[in-house]
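Please construct the entire structure, taking both the sequences and the accompanying hints into account.
Protein chains: 2
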Amino acid sequence: MLNITILGNNSALPAFGRFPTSQVLQDQDNSFLIDCGEGTQMQMARYKIKRSKISHIFISHLHGDHYFGLIGLITSMGLLGRTQDLHIFGPALLDDIIQIQLKSADILLPYPIYFHPLLEEGKVADTNKMTVETFKVDHRIECWGFLFKEKKNPRTVDPERAKAYEIPSSFYSQLHKGEDYITKKGTIIPNESVTIANSAAKSYAYCADTIFDTRLVEIVKGVDLLYHETTYLKDMEQKAKDRYHCTTEQAATIAKQAGVKQLMIGHFSSKYDNLDQFLIEAKAVFENTILAIDGSCYKI
Amino acid sequence: MLNITILGNNSALPAFGRFPTSQVLQDQDNSFLIDCGEGTQMQMARYKIKRSKISHIFISHLHGDHYFGLIGLITSMGLLGRTQDLHIFGPALLDDIIQIQLKSADILLPYPIYFHPLLEEGKVADTNKMTVETFKVDHRIECWGFLFKEKKNPRTVDPERAKAYEIPSSFYSQLHKGEDYITKKGTIIPNESVTIANSAAKSYAYCADTIFDTRLVEIVKGVDLLYHETTYLKDMEQKAKDRYHCTTEQAATIAKQAGVKQLMIGHFSSKYDNLDQFLIEAKAVFENTILAIDGSCYKI
Numbered sequence: 139m140l141n142i143t144i145l146g147n148n149s150a151l152p153a154f155g156r157f158p159t160s161q162v163l164q165d166q167d168n169s170f171l172i173d174c175g176e177g178t179q180m181q182m183a184r185y186k187i188k189r190s191k192i193s194h195i196f197i198s199h200l201h202g203d204h205y206f207g208l209i210g211l212i213t214s215m216g217l218l219g220r221t222q223d224l225h226i227f228g229p230a231l232l233d234d235i236i237q238i239q240l241k242s243a244d245i246l247l248p249y250p251i252y253f254h255p256l257l258e259e260g261k262v263a264d265t266n267k268m269t270v271e272t273f274k275v276d277h278r279i280e281c282w283g284f285l286f287k288e289k290k291n292p293r294t295v296d297p298e299r300a301k302a303y304e305i306p307s308s309f310y311s312q313l314h315k316g317e318d319y320i321t322k323k324g325t326i327i328p329n330e331s332v333t334i335a336n337s338a339a340k341s342y343a344y345c346a347d348t349i350f351d352t353r354l355v356e357i358v359k360g361v362d363l364l365y366h367e368t369t370y371l372k373d374m375e376q377k378a379k380d381r382y383h384c385t386t387e388q389a390a391t392i393a394k395q396a397g398v399k400q401l402m403i404g405h406f407s408s409k410y411d412n413l414d415q416f417l418i419e420a421k422a423v424f425e426n427t428i429l430a431i432d433g434s435c436y437k438i
Numbered sequence: 139m140l141n142i143t144i145l146g147n148n149s150a151l152p153a154f155g156r157f158p159t160s161q162v163l164q165d166q167d168n169s170f171l172i173d174c175g176e177g178t179q180m181q182m183a184r185y186k187i188k189r190s191k192i193s194h195i196f197i198s199h200l201h202g203d204h205y206f207g208l209i210g211l212i213t214s215m216g217l218l219g220r221t222q223d224l225h226i227f228g229p230a231l232l233d234d235i236i237q238i239q240l241k242s243a244d245i246l247l248p249y250p251i252y253f254h255p256l257l258e259e260g261k262v263a264d265t266n267k268m269t270v271e272t273f274k275v276d277h278r279i280e281c282w283g284f285l286f287k288e289k290k291n292p293r294t295v296d297p298e299r300a301k302a303y304e305i306p307s308s309f310y311s312q313l314h315k316g317e318d319y320i321t322k323k324g325t326i327i328p329n330e331s332v333t334i335a336n337s338a339a340k341s342y343a344y345c346a347d348t349i350f351d352t353r354l355v356e357i358v359k360g361v362d363l364l365y366h367e368t369t370y371l372k373d374m375e376q377k378a379k380d381r382y383h384c385t386t387e388q389a390a391t392i393a394k395q396a397g398v399k400q401l402m403i404g405h406f407s408s409k410y411d412n413l414d415q416f417l418i419e420a421k422a423v424f425e426n427t428i429l430a431i432d433g434s435c436y437k438i
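Those protein sequences? They're chains A and B, same order as listed. Per my numbering, the first sequence starts with residue 139, numbered consecutively. Per my numbering, the second sequence starts with residue 139, numbered consecutively.
Derived by calculation from the structure, the hints in this document are not laboratory data. Be a bit skeptical, because a hint or two may be false.
In this list, chains with the same sequence are indistinguishable; a pair is considered to hold if it fits within one copy or across any two.
[Said to hold, decoys possible] Listed next, the in silico BS3-like pairs over lysine-lysine satisfying Cα-Cα at most 30 Å (straight line): (1) LYS372 / LYS261; (2) LYS379 / LYS399; (3) LYS377 / LYS188; (4) LYS377 / LYS241; (5) LYS421 / LYS377; (6) LYS289 / LYS394; (7) LYS287 / LYS315; (8) LYS241 / LYS399; (9) LYS421 / LYS437; (10) LYS379 / LYS241; (11) LYS421 / LYS322; (12) LYS323 / LYS186; (13) LYS399 / LYS188; (14) LYS191 / LYS409; (15) LYS241 / LYS409; (16) LYS359 / LYS377; (17) LYS290 / LYS377; (18) LYS274 / LYS399; (19) LYS290 / LYS437; (20) LYS399 / LYS261.
Set out below in structure tokens:
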């Protein structure tokens, strides 16, 4: 099971108490931070996200509303005595921006940062429970989307039952994969007798900032949750295009064509105080739509 | 008259809802931003400080809790269509940090930034109503304090009375300075008859982050308001020294020796939730002490 918590949902300017873009995706082991606008560390404190659990940070592009909070978070992690590795993925120049600021402050962090410049599409991270792929999106500057795919064995071993059948724990990894066990006497213990079926592995696609681009349909096909930006309402289609952004209707069209299970919209322009119309317009095209609201947490 | 508004009062880590260091000093013409920790632009929105009125920004040093909010503020000013000049004063490397981030985002600001690297002590800014001097303070890295001195003529012309005596407006600047007017017939119009006495020009000293340093006594002598950091309570004197910071007692000692009118303390460590003891300890040495509390506005 995955959880996604919204720390910020606004574009460009913070407004109406809405913070710039940042989200935390959590599996059972790790927290994955996706973008990190100014104030993200304050939002983490407010919404009880543990900084120490963040193992990977993904920065889609170098517009400030997506990364100006990163250097503060990095230095705070150091002040809090972090020792575990931190993996950061983003455009190559981001590393220079981090380094010049650490150097200016004469800071030696007590933990290692592994910076992974995003150079081509494909798998960039692989943990016990998750793979992360990156894909290019079409924005005013170099910009990357991220596709998170939970790794899950189809079955979980029930240790009590496995023990009753005297199955050695060295065989558990095969049980996880669905294999039957054969005893020394040749008796077949059916996998179903000692394992429980897992729910399906989940997937989450984060499309960052992008112009309306039907190329994304193939990439995000069938995901459990698609995050797609909706900087503007549908009457602002030309402005959206000019600024390499999308409208509600365009985001919902991608969701519909890709057959995703659910759509989450965000990155709202600071010109909008009330967000109700975003939901109405997106739902008219794709019913199962939710708003990325600061502080909200959704199960995927 | 000057006003000072506290936007953030915390050191290093934001904590207990307290933001990192930032203050706005306002005279009748301009707003002067002093340090700009992460989230300063959000605090400005919260406390109704107009970004457009900020003409000068002073950054004391390149520890993140004093400047990580600057790049966000600069870019937001651009997005809001600012056209007027912005003067930024800080350590030389700050310019590189700003430039690399503007370049990465491919941003051309619609207004000019004049960056003034702080290189030596002395006057760095001079407006219609204010002069600003900088002075070195002793911190772990290069660090600067700022001394703001209001410019004020001793007298203000009362236009109705000046008119009644038929004094030409070309003579008003001399009236401002306290001179008498002599009519064509040789009659002396005493200055007091056509002008009103102004209140005294005010002064504000901002000592940034500093170790206990009695050299500051001479520099801030007699100011109307002294801001001095008190990262720790008095029982942490050794830790304060090790980290180039000060305690309550040390800050109050500087205020007392310098004979300032009022002391404001701030830059509290994130280890303290409640700040009452800061005030108690400082007042024991220097009675007229106030706390720099986020959102509070004091008249100088």
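- So which of the earlier hints does this model not fit? 1, 8, 11, 12, 17
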